[in-house]
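Protein chains: 2
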Amino acid sequence: MAIEIERKFLVNKDLLPLPNDGKKLIQGYIWSYPQKSLRIRIAGEKAFLTIKAGNDILKRSEFEYEIPMTDAHELLDLCDAKIEKTRYLIPMDSYTWEVDVFHGDNQGLIVAEIELASSEEQIQLPEWIDQEVSNDPKYLNVSLIENPFIKW
Amino acid sequence: MAIEIERKFLVNKDLLPLPNDGKKLIQGYIWSYPQKSLRIRIAGEKAFLTIKAGNDILKRSEFEYEIPMTDAHELLDLCDAKIEKTRYLIPMDSYTWEVDVFHGDNQGLIVAEIELASSEEQIQLPEWIDQEVSNDPKYLNVSLIENPFIKW
Numbered sequence: 001m002a003i004e005i006e007r008k009f010l011v012n013k014d015l016l017p018l019p020n021d022g023k024k025l026i027q028g029y030i031w032s033y034p035q036k037s038l039r040i041r042i043a044g045e046k047a048f049l050t051i052k053a054g055n056d057i058l059k060r061s062e063f064e065y066e067i068p069m070t071d072a073h074e075l076l077d078l079c080d081a082k083i084e085k086t087r088y089l090i091p092m093d094s095y096t097w098e099v100d101v102f103h104g105d106n107q108g109l110i111v112a113e114i115e116l117a118s119s120e121e122q123i124q125l126p127e128w129i130d131q132e133v134s135n136d137p138k139y140l141n142v143s144l145i146e147n148p149f150i151k152w
Numbered sequence: 001m002a003i004e005i006e007r008k009f010l011v012n013k014d015l016l017p018l019p020n021d022g023k024k025l026i027q028g029y030i031w032s033y034p035q036k037s038l039r040i041r042i043a044g045e046k047a048f049l050t051i052k053a054g055n056d057i058l059k060r061s062e063f064e065y066e067i068p069m070t071d072a073h074e075l076l077d078l079c080d081a082k083i084e085k086t087r088y089l090i091p092m093d094s095y096t097w098e099v100d101v102f103h104g105d106n107q108g109l110i111v112a113e114i115e116l117a118s119s120e121e122q123i124q125l126p127e128w129i130d131q132e133v134s135n136d137p138k139y140l141n142v143s144l145i146e147n148p149f150i151k152w
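Chain order of the listed sequences is H and P.
First residue of the first sequence: 1, per this note's numbering; consecutive thereafter.
First residue of the second sequence: 1, per this note's numbering; consecutive thereafter.
Among these hints, one or two may not hold up.
You can't tell identical chains apart in this list, so a pair holds if it fits in one copy or across any two.
[Unchecked claim] Straight line, CA to CA, 20 Å or less: simulated EDC-like cross-link-like pairs of lysine to aspartate or glutamate:
| id | residue 1 | residue 2 |
| --- | --- | --- |
| 1 | K24 | D100 |
| 2 | K46 | E64 |
| 3 | K36 | D14 |
| 4 | K8 | E127 |
| 5 | K151 | D136 |
No lab work stands behind these hints, which were simulated from the structure alone.
Kindly produce the complete structure, drawing on both the sequences and the hints.
Here you go:
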């Protein structure tokens, strides 16, 4: 188990030149509550099952296990809806920004996340970072399934 | 993933001499619905995460993964309630009966399960088998947490 401390920001896409090597992610939720979720994710050639739990969005317990790809497909079939996005990794200083470009019903949404060692840690924000949305539950992937970006 | 075809019976404990080598099982449910559950189980020295899904109690999809023991303890702490039981394996003909002797709030309940290759398969029932409860959802472990045997 790892405690996950993440900050999440919107992106000004005109200022961010995306790298070419994005990884396609397909994910669904067997259970999807902001406080407790079970995610199935296919990331390129690998597949993972992830339990996230905790009331503080910024700081949740995360349990992740790699699972066989055939299981992942069967488990995704049990999910009501799926999220598809392309993830780009952008190294900067000693951090790596994860930039998610959403597709499907969340087309148009681009979000950047950074993982920190503590919630007090100060970071230098790159110029392509827009407003912070860390504490806004509507940007959680579980929420984006229920209420996708194109409906906002 | 495996399709799990199980039949479940009550046991006449006066006719069943239990073997000495039972394995203590501690399990809890992160989510517990008869149609869809996520179980955390500690079985002796090993720990497992199991997703069961399906509307037919007799025949459910089961996805099971071994997880680290430390994760299992942390995940069990997220569960509202736990079930403790001792499992005995009793080989008979080409089958192995799993006899679960429940403890705690389900003390007094003893259930025998047999896994079959198809739901049409005929089996010879040993003399210590009592009534069949395969289709009774109150004997599901998820139900025994909500409504334990001592309250019946």
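Structure-based check of each hint:
1. Taking the shortest alpha-carbon separations for K24 and D100, only the intra-copy value of 10 Å comes in at or below 20 Å, while the best inter-copy value is 45 Å.
2. For the homomeric pair K46 and E64, the shortest alpha-carbon distances inside one copy (12 Å) and between copies (17 Å) are both at most 20 Å.
3. When the C-alpha separation of K36 and D14 is checked against a cutoff of 20 Å, the pair qualifies neither within a copy, at 35 Å, nor between copies, at 44 Å.
4. Taking the shortest Cα distances, K8 and E127 sit within 20 Å of each other inside one copy (15 Å), while across copies they are farther apart (63 Å).
5. Taking the closest pair of Cα atoms, K151 and D136 come within 20 Å of each other only inside a single copy of the chain (16 Å); across copies the shortest separation is 43 Å, beyond that limit.
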